[in-house]
Each structure stands twice: as C-alpha cells, then as structure tokens.
Amino acid sequence: MTIQTKNAMIRFENLRQEFSLSGATFTALDGVNLDIADGEFVTVVGPSGCGKSTMLNAAAGLLDPTSGRVVVDDIEVSGPSPRTGVIFQQYALFPWLTVRKNVEFGLELKKMPAKERRVIADHYLDLVGLTRFADALPKELSGGMKQRCAIARAYAVNPEILLMDEPFGALDALTRVHMQEQLLETWTKERRTVMFVTHDVDEAVFLASRVIVMAARPGRIYKEIKVDLPYPRTESMRLSDEFARLRAKVWEAVYHQPDAKGADE
Amino acid sequence: MEIPENPTSRKPHKSGSRKLSRKAMLSINFLSVAAGIFGWWLVSAIGVQGLPGPVEVLERGRELIADGTLAEDSGASLARVLTGFALGTLLAIPVGFLMGWYTIARGIIEPYVQFFRTIPPLAIIPLAIVTMGIGEVPKVFVIFLAAFLSCVISTFQGVVGVENTLINAARVLGANSWTVFIRVVIPASSPFILVGMRIGLGAAWATVVAAELIAAPNGLGFRMQQAQLYYDLPTIFVSLITIGILGLIMDRLLLMVEARLTRWQERR
Numbered sequence: 303m304t305i306q307t308k309n310a311m312i313r314f315e316n317l318r319q320e321f322s323l324s325g326a327t328f329t330a331l332d333g334v335n336l337d338i339a340d341g342e343f344v345t346v347v348g349p350s351g352c353g354k355s356t357m358l359n360a361a362a363g364l365l366d367p368t369s370g371r372v373v374v375d376d377i378e379v380s381g382p383s384p385r386t387g388v389i390f391q392q393y394a395l396f397p398w399l400t401v402r403k404n405v406e407f408g409l410e411l412k413k414m415p416a417k418e419r420r421v422i423a424d425h426y427l428d429l430v431g432l433t434r435f436a437d438a439l440p441k442e443l444s445g446g447m448k449q450r451c452a453i454a455r456a457y458a459v460n461p462e463i464l465l466m467d468e469p470f471g472a473l474d475a476l477t478r479v480h481m482q483e484q485l486l487e488t489w490t491k492e493r494r495t496v497m498f499v500t501h502d503v504d505e506a507v508f509l510a511s512r513v514i515v516m517a518a519r520p521g522r523i524y525k526e527i528k529v530d531l532p533y534p535r536t537e538s539m540r541l542s543d544e545f546a547r548l549r550a551k552v553w554e555a556v557y558h559q560p561d562a563k564g565a566d567e
Numbered sequence: 032m033e034i035p036e037n038p039t040s041r042k043p044h045k046s047g048s049r050k051l052s053r054k055a056m057l058s059i060n061f062l063s064v065a066a067g068i069f070g071w072w073l074v075s076a077i078g079v080q081g082l083p084g085p086v087e088v089l090e091r092g093r094e095l096i097a098d099g100t101l102a103e104d105s106g107a108s109l110a111r112v113l114t115g116f117a118l119g120t121l122l123a124i125p126v127g128f129l130m131g132w133y134t135i136a137r138g139i140i141e142p143y144v145q146f147f148r149t150i151p152p153l154a155i156i157p158l159a160i161v162t163m164g165i166g167e168v169p170k171v172f173v174i175f176l177a178a179f180l181s182c183v184i185s186t187f188q189g190v191v192g193v194e195n196t197l198i199n200a201a202r203v204l205g206a207n208s209w210t211v212f213i214r215v216v217i218p219a220s221s222p223f224i225l226v227g228m229r230i231g232l233g234a235a236w237a238t239v240v241a242a243e244l245i246a247a248p249n250g251l252g253f254r255m256q257q258a259q260l261y262y263d264l265p266t267i268f269v270s271l272i273t274i275g276i277l278g279l280i281m282d283r284l285l286l287m288v289e290a291r292l293t294r295w296q297e298r299r
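In order, the protein sequence lines correspond to chains A and B. Residue numbers for the first sequence follow my numbering, beginning at 303 and rising by one. Residue numbers for the second sequence follow my numbering, beginning at 32 and rising by one.
These are computed hints drawn from the structure, not numbers from a lab. We put the CB at the ideal spot given by N, CA and C, even for glycine. A portion of the hints provided could be inaccurate.
What the hints assert, rightly or not - Okay, the calculated beta carbon distance ranges per label pair:
hint, chain 1, residue 1, chain 2, residue 2, range
1, B, Pro151, A, Arg420, 47 to 55 Å
2, B, Gln145, A, Gly471, 33 to 41 Å
3, B, Gln145, A, Asp340, 41 to 49 Å
4, A, Ala472, B, Thr134, 29 to 37 Å
5, B, Val288, A, Gly471, 31 to 39 Å
6, B, Val168, A, Lys412, 44 to 52 Å
7, B, Glu297, A, Asp543, 43 to 51 Å
8, A, Asp543, B, Thr134, 56 to 64 Å
9, B, Glu297, A, Glu320, 34 to 42 Å
Please take these sequences and the hints and turn them into a complete structure.
Below is the structure:
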C-alpha cells in the first residue's frame with residue numbers, strides 16, 4: 303500500500319528491514335511507503351511485531367535499512383542526528399544530570415554558550431510545566447514528569463521532526479490522558495512534524511490527524527484512517543460520537559485484520 | 032497547564048527498622064562495644080591460657096605508640112597498600128573500559144583476567160619473591176594485582192551494563208562515539224567502578240598483611256610475625272586492632288566518596 307502526499311517532511315521509500323534471529327531471517331518491515339507532511343501529526347498503531355518501532359528507529363537513524371530508505375526534509379537518513387528528536391518509552395533521561403542539565407545536553411554538544419543554553423532550557427521547561435523542578439534529579443520525578451522532561455530535551459535542540467516511540471506506554475491511564483492533552487498543547491505552540499508510535503487505539507485517534515494501522519508478519523502498512531476532528535482537541539471531542547466512530551474504525555482495523563492470527567503473540 | 036503531580040521521592044520513607052534516633056543508635060553501638068570489651072576482660076581474668084586482657088593490650092599499645100613503632104609500621108603498611116591500590120585501579124579502569132567498549136579487546140584480555148582471578152593473590156607471593164627479590168616491589172606488585180583484578184571486572188560489568196537507550200538518546204541529540212563514551216558511559220558506569228574500588232581496597236588491605244608476614248623489614252604484618260616468635264600476644268592484638276581500624280577508616284572514606292558521586296542513583 304502506497305501513501306504519498308505533497309511536501310513530505312518524512313518519506314519512507316520501499317523500506318525493508320530484516321533481522322536474523324538465531325539463524326532465521328525475520329522480516330520486520332516489507333516494503334513500507336509512507337509520506338508524512340510538514341507539520342503533520344501521524345500516529346502509527348498495530349499489533350506487536352508489526353514493525354512500528356522498527357519504522358521509527360529507521361527514521362531516527364538508529365537502524366540501517368536492509369533496502370529502501372527514509373528521507374527527512376529531502377536528506378536521506380544515514381545515522382542519528384539532531385534533526386530528528388526521539389522520545390523513548392523508557393524516558394532515557396541521564397540520571398546523573400538535573401532536569402535542566404538534561405534539557406541542555408544537546409545544546410552543550412552544539413557548543414552553545416551557557417547563557418543561551420539556559421534561556422532555551424528555561425523556555426522548554428516552562429512549556430512542559432517543569433520550571434519548579436529544574437534542579438531536581440530524574441529520580442525525584444514521577445513517570446509523567448520524566449517524560450515531560452524528555453520532551454523538553456528533544457524540543458531544545460530544535461529538531462525538524464519528533465519521533466515518539468510509545469512515550470506514554472509506561473504511564474497509568476489518568477496520567478496518560480493528561481500527557482496527551484499536554485503534548486498537543488506543546489505541539490500547537492511549537493509545531494513540528496510528529497510520528498507517534500502507540501498500541502493504544504484511543505491515543506492514536508485523539509492525537510493524530512491521520513492514523514496508520516500496521517499489520518504483522520511481515521510488518522507492513524495495512525490501512526490509513528483520516529481523523530477529521532479539528533485541533534485543538536478537547537475532552538468533549540474525546541467523548542463525542544464522531545470520536546467513537548473513528549475509534550471503532552481504527553479498532554476494527556487493528557484487531558480484525560484478515561490474516562492476523564493471534565495479534566498478542 | 033499545571034498537572035497536579037507530586038514528585039515521588041522527595042522525602043524517603045523511613046523503614047520500620049529505622050525508628051531509632053541516631054543518638055539512640057550510637058549509644059546502643061557504644062554499649063555493645065563496651066560489653067564486648069568487658070566480656071574479653073572477663074574471659075582473660077578467668078584465665079584462658081596466654082590470652083592478654085584489654086588492659087595489657089592497651090598498655091602495649093601505649094608503648095608501641097610512644098616509641099614510634101606503631102606509627103612506623105602502620106605508615107609502611109599503608110604506603111604499600113595505597114601504592115598498590117592506586118596503581119591497580121589506575122590500570123583497571125582503562126582496561127575495564129576497553130573490555131566493555133571493544134569486543135576485540137574483551138576477547139584478548141578476558142581469558143587472562145578470568146584466569147588470574149581464580150588464583151588468590153597470596154599464591155603469587157612465592158613467585159614474586161623469587162623473581163623480584165624481597166624489597167618493596169614484590170609486595171606492591173601483589174597488592175597491585177589484588178586491587179586490579181577486583182576493580183577491572185567491576186568496571187567491565189559497569190560498561191557492559193550501560194543501558195542502550197541512554198546511548199541512543201545521546202546519539203540522537205548529536206553525540207559522536209567519543210562524546211557518548213565521555214558523557215554517558217563513564218558516568219553511567221561510575222557506581223560499578225566505585226564498588227570495584229571498594230572491593231579492591233579490601234583485597235589490597237588483606238594482601239598487604241600476608242605479604243609482610245613472609246618478608247618485610249617493617250609493617251604491621253612484620254610486627255605480628257616478630258611478636259609470634261617471642262610469644263608476644265599483646266603486640267599481635269595491638270596490630271590486629273590497628274589493621275581493623277585502618278581498614279574501617281579507608282572503607283568509610285571510600286563509601287563517603289561513593290555516596291557523594293552516586294547521589295543520583297535510584298535506590299530500592
């Protein structure tokens with residue numbers, strides 16, 4: 303299935319990814335083509351083993367594709383770069399650095415002077431609501447706060463795209479809803495192209511303007527579902543009939559794929 | 032938007048066993064030690080053959096301090112320990128990093144480390160004396176070996192155990208291999224290195240006394256060996272107590288450094 307749009311910020315071109323697992327070759331992704339437009343918020347959802355995280359890692363430059371390529375803003379991805387911000391499920395904060403130092407990490411690598419670093423870090427800490435905890439260590443933060451710090455850290459280096467790999471997967475349901483709302487708020491203020499991987503159908507519909515549903519064995523794009531709800535998304539939208547209809551549609555696509563035997567494997 | 036979340040561990044919960052105040056705990060410690068010394072005195076007073084009492088040992092301790100013997104012996108032992116320990120850890124840290132970071136280096140070095148680790152450093156003493164004479168070199172060498180072997184394994188494990196996501200997080204923020212090493216691998220493995228140093232210091236201290244028992248012109252081990260010839264039990268007691276106290280002080284000092292440097296760690 304090929305999905306092409308104009309002005310693609312992220313473009314997956316015939317992406318194929320194979321891994322060898324104890325001698326056997328396993329096809330994680332089989333010919334994925336996808337365009338994500340500049341400023342678009344796309345969620346990728348699918349059963350485990352469908353290669354959604356593999357896709358994200360390829361876009362982040364953390365994996366070398368077996369064939370095909372990923373192009374970000376007309377430049378082929380050849381390795382990790384500050385152009386692509388990545389937010390990991392396990393937060394991946396540096397535990398020996400304070401919240402502010404974590405946010406400044408990428409700026410320090412750019413050899414930015416301390417004063418400028420501080421201004422930028424303070425701006426993004428304010429944006430995610432962590433100003434009061436700037437000098438705390440990660441161990442003193444709750445899961446949600448850790449992830450907000452990771453989001454600020456990713457934003458600070460001013461990436462062109464944000465790749466989020468089940469960022470709220472480890473949070474409880476209540477915190478997760480708060481985080482989704484806050485992420486959209488941040489995204490509205492500082493618009494970036496976002497590719498957000500999740501296994502939560504609600505989350506996929508609430509955040510995105512387009513939901514990409516993947517299928518497993520081999521990992522491929524199964525369906526694309528447009529979410530025509532306007533931004534900013536509100537709580538009443540989450541409870542609306544339209545939302546329920548879209549949610550049912552995505553649910554159907556994820557859980558009732560023609561050849562998906564045992565999606566939970 | 033302000034989310035009403037509380038930081039999880041601002042105030043660590045006191046566990047049940049910590050209900051005693053620091054002062055109460057210290058007085059219990061003190062009473063326990065006092066009771067122990069009293070028990071020792073009682074046993075020696077009843078007349079266990081040859082066992083010196085606390086008073087006798089204290090008296091000998093005063094003599095050994097007054098004529099400078101104790102200071103000289105302690106100084107000599109400490110100098111050997113610290114030289115061997117410093118050289119051992121100084122080499123162990125880069126070697127451990129090398130093993131953890133480069134698979135080839137690991138393949139080359141690991142068989143030797145694993146093999147020599149199974150040989151108690153004390154077993155090297157005869158060989159060291161034959162090949163290096165009876166001067167300072169063989170003793171420092173054996174201590175160096177003990178400290179090196181304990182510390183290198185720990186450093187290596189620390190480097191291997193660095194979480195991949197942390198490395199990836201640094202890479203996507205623009206870090207090259209060298210930066211990842213300096214800014215992520217070293218701090219992330221520092222708790223392991225410090226544990227390795229503590230084990231290494233313990234091993235070094237255990238080794239020095241044994242090394243001095245065999246051949247040395249001074250040192251706490253040498254003093255005990257001399258005392259043994261003359262059946263001088265009080266001197267042996269003074270030396271043992273000194274060894275214990277010095278070992279404890281060194282361990283506590285490293286523990287303080289460790290607590291300071293690894294304050295960021297989550298403790299369960």
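Worksheet item: Any hints this thing doesn't respect? Which numbers, in order?
Response: Hint check: 3 fails alone, others pass.
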